[in-house]
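Participant: Sequence:
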Amino acid sequence: MKTVKLLSLFLLVGLYSCNTVKVVTDYDTKVDFNQYKTFAFYKTGIDKADISSLDKKRVLRAIESELLAQGFTKSENPDMLVSIFTKSRRKVNINQNNTWGYGFGWGWNPYMWNGMNNNINVNEYTEGTLFIDFIDKEKKELVWQGIGTGALKLSNVEKKEERIKLFVKEIVSRFPPGQEKK
9 MKTVKLLSLF
19 LLVGLYSCNT
29 VKVVTDYDTK
39 VDFNQYKTFA
49 FYKTGIDKAD
59 ISSLDKKRVL
69 RAIESELLAQ
79 GFTKSENPDM
89 LVSIFTKSRR
99 KVNINQNNTW
109 GYGFGWGWNP
119 YMWNGMNNNI
129 NVNEYTEGTL
139 FIDFIDKEKK
149 ELVWQGIGTG
159 ALKLSNVEKK
169 EERIKLFVKE
179 IVSRFPPGQE
189 KK
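Residue 17 in our numbering sits at position 9 of the sequence shown, and the numbers go up by one each step.
Don't read these hints as lab results, they were simulated from the structure.
Honestly, I wouldn't trust all of these hints.
Derived pair list, reagent style BS3-like, types lysine-lysine, alpha-carbon separation capped at 25 angstroms [unchecked claim]:
hint, residue 1, residue 2
1, 38, 168
2, 65, 173
3, 145, 45
4, 168, 56
5, 38, 167
6, 65, 38
7, 148, 38
8, 65, 148
9, 30, 177
10, 145, 30
11, 95, 177
12, 64, 168
13, 30, 56
14, 51, 168
15, 148, 167
16, 95, 173
17, 95, 148
18, 56, 173
19, 45, 64
20, 147, 30
21, 65, 51
22, 30, 167
23, 82, 51
24, 65, 30
25, 82, 145
26, 64, 145
27, 45, 168
28, 95, 30
29, 45, 82
30, 177, 45
31, 95, 45
32, 56, 147
33, 30, 64
34, 173, 82
35, 51, 64
36, 45, 167
For clarity, every value in this text was computed on a predicted model and none was experimentally measured.
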């Protein structure tokens, strides 16, 4: 029973860690972020992002939605420009679970050899990184950058869109810096 509980805990932690997005941010500490009220997308930077046009649309829609929800306004004459950059790489996780078990009598179990069960799990996935940059339009300087990294789930369009929204929400929720989030 103890082994089952322990295995369940590892599975839960493993599943949860696949769903999380790790986010880090960096920003110019000399900037007053209250001055930014409007935004527009920086086409030159976005065109360099190494993802499909469909995924770019998904990311940009998610960013726009999150910024509008925070009270920003999309504008032809913005205070800040928004750009994105992406990276991805293949990752492989190898886990070995050695568990002790009990047989059907003294020392015999058709499922275990010498009382030990060696399980090796190999999990291959794509880890994606999304950079969201906020650029001061007047100064043409990067003022804030959010970077989200996590496993990508590409099984179908709905899950892909859901994952992109999660990435963007986790990143943009940390802007502007120094304010408490809901």
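Participant: State for each hint whether it applies.
Facilitator: Going through the hints against the structure:
no. : hint      : in the structure
1   : 38 / 168  : violated, 37 angstroms
2   : 65 / 173  : holds, 12 angstroms
3   : 145 / 45  : holds, 12 angstroms
4   : 168 / 56  : holds, 21 angstroms
5   : 38 / 167  : violated, 39 angstroms
6   : 65 / 38   : violated, 32 angstroms
7   : 148 / 38  : holds, 15 angstroms
8   : 65 / 148  : holds, 24 angstroms
9   : 30 / 177  : holds, 12 angstroms
10  : 145 / 30  : violated, 28 angstroms
11  : 95 / 177  : holds, 18 angstroms
12  : 64 / 168  : holds, 12 angstroms
13  : 30 / 56   : holds, 23 angstroms
14  : 51 / 168  : holds, 23 angstroms
15  : 148 / 167 : violated, 36 angstroms
16  : 95 / 173  : holds, 17 angstroms
17  : 95 / 148  : holds, 24 angstroms
18  : 56 / 173  : holds, 21 angstroms
19  : 45 / 64   : holds, 23 angstroms
20  : 147 / 30  : violated, 30 angstroms
21  : 65 / 51   : holds, 12 angstroms
22  : 30 / 167  : holds, 19 angstroms
23  : 82 / 51   : holds, 14 angstroms
24  : 65 / 30   : holds, 22 angstroms
25  : 82 / 145  : holds, 14 angstroms
26  : 64 / 145  : holds, 21 angstroms
27  : 45 / 168  : violated, 30 angstroms
28  : 95 / 30   : holds, 14 angstroms
29  : 45 / 82   : holds, 9 angstroms
30  : 177 / 45  : holds, 19 angstroms
31  : 95 / 45   : violated, 29 angstroms
32  : 56 / 147  : holds, 21 angstroms
33  : 30 / 64   : holds, 20 angstroms
34  : 173 / 82  : holds, 19 angstroms
35  : 51 / 64   : holds, 11 angstroms
36  : 45 / 167  : violated, 32 angstroms
The structure is inconsistent with the numbered hints 1, 5, 6, 10, 15, 20, 27, 31, 36, although it conforms to all the rest.
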